[in-house]
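Colleague: Spelled out, the chains give:
2 protein chains.
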Amino acid sequence: MKLIFSKQDLLKSVGISLKAVPSKTTMPILGCILIDASSNVIKFTSNDMELGIETTVDGTILEKGIVALDARIFSDIVRKLPENDVTITTDENLNTTITCEKAKFNIPGKSGEDFAYLPIIERNEGITISQFTLKEVIRQTIFSIAANENNKLMTGELFEIRDNVLKVVSLDGHRIAIRKIELKENYADRKVVVPGKTLNEISKILSGEVDDQVNIFFTENHIVFEFDQTVVVSRLIEGEFFRIDQMLSSDYETKVEINKKELLDCIDRATLLVKEGDKKPIIISVEDGSMELRIDSQIGSMKEDIDIEKEGKDILIGFNPKFLIDALKVIDDERITIYLVNPKAPCFIKNDEESYIYLILPVNFNAVR
Amino acid sequence: MKLIFSKQDLLKSVGISLKAVPSKTTMPILGCILIDASSNVIKFTSNDMELGIETTVDGTILEKGIVALDARIFSDIVRKLPENDVTITTDENLNTTITCEKAKFNIPGKSGEDFAYLPIIERNEGITISQFTLKEVIRQTIFSIAANENNKLMTGELFEIRDNVLKVVSLDGHRIAIRKIELKENYADRKVVVPGKTLNEISKILSGEVDDQVNIFFTENHIVFEFDQTVVVSRLIEGEFFRIDQMLSSDYETKVEINKKELLDCIDRATLLVKEGDKKPIIISVEDGSMELRIDSQIGSMKEDIDIEKEGKDILIGFNPKFLIDALKVIDDERITIYLVNPKAPCFIKNDEESYIYLILPVNFNAVR
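Just so you know, the protein sequences line up as chains A and B, in that order.
Throughout the first sequence, residue numbering follows my numbering, covering 14 to 382 in sequence.
Throughout the second sequence, residue numbering follows my numbering, covering 14 to 382 in sequence.
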């Protein structure tokens with residue numbers, strides 16, 4: 014095999030492939046990128062058995078061939094090469110030489126025979142959205158998936174298509190994040206749970222451009238993302254996602270309109286008095302025209318007032334500050350609206366169109382002032 | 014006590030003070046910054062018993078007083094405050110309130126009575142150099158002090174003044190770094206060993222400007238740096254520094270002139286084949302017009318040629334690549350000269366004026382090619 018690439022093209026493709034290389038594995042072949050130049054195009058494939066990526070690489074084939082290279086070493090070498098053409102050749106023993114200007118690396122290659130190729134997926138039902146939208150939707154929901162695997166379904170996100178709306182939902186038992194996207198065309202109803210890890214990795218390789226598209230296909234067990242020169246195939250999480258409709262009520266007793274940045278900065282300041290692992294709530298007191306936030310900890314105390322517009326009753330309620338910060342960070346609106354019922358019921362942060370809804374459960378606190 | 018600062022002034026001074034706050038201490042008072050507004054100026058003092066910093070802070074004294082505040086908490090609070098005036102007040106119990114706009118923090122303060130004030134130092138013998146020069150000299154030598162404390166003297170740097178030259182020397186048993194600075198005035202001869210930690214911290218607070226000066230004073234047991242509104246006092250390391258003159262020979266068998274960046278990039282590439290803790294040498298073969306570098310490891314091998322200008326014999330010699338990288342990184346010259354004697358003798362990288370000299374011991378290797 015003998016291939017020539019520009020360093021930049023190679024670097025980009027290796028970067029994409031790395032996203033499906035497991036950081037640790039007992040199977041060395043899974044730690045490899047498969048370079049397949051057996052036909053007239055060059056494809057890099059990586060696969061951790063849950064997530065697989067295949068990307069087409071710009072380059073010249075002087076001699077066809079296939080080799081699997083250790084992904085980390087290959088990536089390290091490419092990254093450090095001069096900015097010039099890179100030649101990759103293999104001999105009959107799969108010894109691989111990577112040459113760029115006067116630098117010449119030799120590393121052992123592996124046969125492609127043991128490599129886990131991507132499953133072949135029939136693509137019939139699919140939706141098309143912009144890469145920007147998909148990247149945003151992931152960013153605005155991924156933080157509220159569960160960190161541990163106790164409940165597998167909570168480590169994924171619901172992707173639900175109904176009535177030409179794509180609804181993405183994540184939840185971890187203390188909060189729910191919902192984003193809705195209107196689709197331009199008519200699609201069949203679908204409901205799948207996509208692993209959070211897949212979404213995290215894919216959002217790193219999406220361009221984020223409004224003009225770039227991504228096609229999403231669904232099968233029984235897989236979801237496929239097609240964009241640019243790349244195909245990402247991921248297993249789905251099996252099982253029925255949580256029914257959340259009964260938790261979403263539009264009744265409220267208190268409605269607060271507030272400047273998002275002021276609220277976020279204030280909670281951010283308050284949390285510096287909370288050591289990690291310490292579960293100190295931030296206590297919010299809503300009155301006419303003003304919201305008081307305070308926090309008390311072993312380190313000290315903090316108090317701050319923020320101007321608000323209020324409808325309805327006064328309320329005193331406590332929250333885990335991290336959950337408020339996570340939601341506020343991903344909302345792009347300058348002013349936000351918070352809906353409250355009582356100190357034991359969840360609060361909702363949502364816009365009028367409900368294109369985003371963040372539900373956060375309150376925490377108990379000692380109401381001594 | 015009641016003081017008003019601009020947030021920026023406060024942030025800068027807290028940042029400077031933090032450099033002498035130990036990251037861990039069994040004496041809580043050492044983890045504090047002392048705010049002393051008992052006279053007409055406001056001074057922040059911090060002291061880890063080896064290194065002490067006193068800095069004068071711009072601010073308004075509405076009510077005189079002294080309080081010691083936990084440095085990390087104080088710093089965290091200041092950093093997160095809005096960009097506006099900050100008021101610090103203490104009550105009779107040293108409870109301290111930090112207010113900025115509508116944010117109000119309460120933290121406990123400590124009495125200044127237990128605080129370890131800086132030693133009072135007589136300042137008679139001193140030298141003056143630019144902050145730029147001191148910062149550069151530290152950067153260009155500090156990497157070759159010893160990391161562990163087995164030999165205390167190796168954890169410091171020799172500052173030697175003789176014949177109007179300041180010579181700074183660091184060594185760790187495998188290499189020596191020497192920088193010489195011509196002083197503008199006549200100073201008495203001096204020879205002290207300054208802790209590396211002191212130099213590391215001070216280089217972080219030096220402005221690095223050519224036009225800003227720093228005055229350096231020496232006493233029996235201390236070195237004092239005075240610059241801007243700050244005084245840094247450090248203990249010296251006791252003992253006689255190593256005699257290095259006999260190691261510095263101007264004889265050589267091979268002289269190589271080479272582009273520094275090409276050499277550095279090449280060694281940098283080569284080291285990606287070396288896992289941390291693995292002691293693989295880089296093997297350098299010097300011939301007429303060309304230097305070949307190669308490295309062999311379990312991961313693979315790498316070979317690269319670099320154009321050079323050579324005088325004298327051919328030579329094959331091995332080095333710990335890290336030692337070469339460390340020295341090359343801090344040399345600002347585009348082309349450098351390397352002097353070699355034989356595969357068992359140290360190499361020298363130095364300029365004609367010998368304003369810098371880097372001595373590096375070679376390592377043994379299997380000369381099988």
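Hints listed in this document are in silico derivations from the structure and should not be mistaken for laboratory results.
It is possible that part of the hints are untrue.
Claimed, not checked - Straight line, CA to CA, 30 Å or less: simulated DSBU-like cross-link-like pairs of lysine-lysine:
1) 37(A) <-> 180(A)
2) 316(A) <-> 326(B)
3) 115(B) <-> 326(A)
4) 268(B) <-> 217(B)
5) 210(B) <-> 288(B)
6) 288(B) <-> 204(B)
7) 93(A) <-> 363(B)
8) 117(A) <-> 193(A)
9) 115(A) <-> 115(B)
10) 316(B) <-> 93(A)
11) 326(B) <-> 273(B)
12) 335(B) <-> 37(A)
13) 117(A) <-> 274(B)
14) 342(A) <-> 335(B)
15) 217(A) <-> 316(B)
16) 117(A) <-> 93(A)
17) 25(A) <-> 268(A)
18) 335(B) <-> 293(B)
Note that the structure is predicted; figures quoted are calculated from it, not measured.
Colleague: All hints, please: hold or fail.
Modeller: Here's how the hints hold up against the structure:
Between the alpha carbons of residue 37(A) and residue 180(A) the distance comes to roughly 33 Å, so the proposed pair goes past 30 Å and is violated. With a CA separation close to 75 Å, the supplied pair residue 316(A) and residue 326(B) exceeds the 30 Å bound. Between residue 115(B) and residue 326(A), the direct Cα distance comes to roughly 24 Å. Compliance with the 30 Å bound is thereby established for this hinted pair. Of the supplied pair hints, the one linking residue 268(B) and residue 217(B) is violated, its CA atoms being roughly 36 Å apart against a limit of 30 Å.
With a C-alpha separation of about 28 Å, the suggested pairing of residue 210(B) with residue 288(B) holds against the 30 Å cut-off. About 40 Å separates the Cα atoms of residue 288(B) and residue 204(B), which puts this hinted pair outside 30 Å; it is violated. Under the criterion of a C-alpha separation no larger than 30 Å, the hint pairing residue 93(A) with residue 363(B) is consistent with the structure, at around 27 Å. Straight-line distance between C-alpha atoms of residue 117(A) and residue 193(A) comes to about 51 Å, which puts the hinted pair past the 30 Å bound.
About 63 Å separates the Cα atoms of residue 115(A) and residue 115(B), which puts this hinted pair outside 30 Å; it is violated. Our distance criterion of 30 Å between C-alpha atoms is met by residue 316(B) and residue 93(A), whose separation comes to about 14 Å. Restraint check for residue 326(B) and residue 273(B): satisfied, since their Cα atoms lie roughly 21 Å apart, inside the 30 Å limit. Simply put, residue 335(B) and residue 37(A) have alpha-carbon atoms about 27 Å apart, close enough for the 30 Å limit, and the pair holds.
A threshold of 30 Å between alpha carbons decides the hint, and for residue 117(A) with residue 274(B) the separation of about 18 Å falls inside it, so the pair holds. A distance of roughly 42 Å separates the Cα atoms of residue 342(A) and residue 335(B); the hinted pair therefore is violated under the 30 Å criterion. Restraint check for residue 217(A) and residue 316(B): not satisfied, since their Cα atoms lie roughly 34 Å apart, outside the 30 Å limit. With a CA separation close to 12 Å, the supplied pair residue 117(A) and residue 93(A) stays within the 30 Å bound.
Distance check on the hinted pair: residue 25(A) and residue 268(A) sit about 48 Å apart at the alpha-carbon level, beyond 30 Å; violated. Restraint check: the Cα-Cα separation between residue 335(B) and residue 293(B) comes to about 10 Å, which is no more than 30 Å; the hinted pair holds.
Against the hints set out earlier in the document, violations occur for numbers 1, 2, 4, 6, 8, 9, 14, 15, 17.
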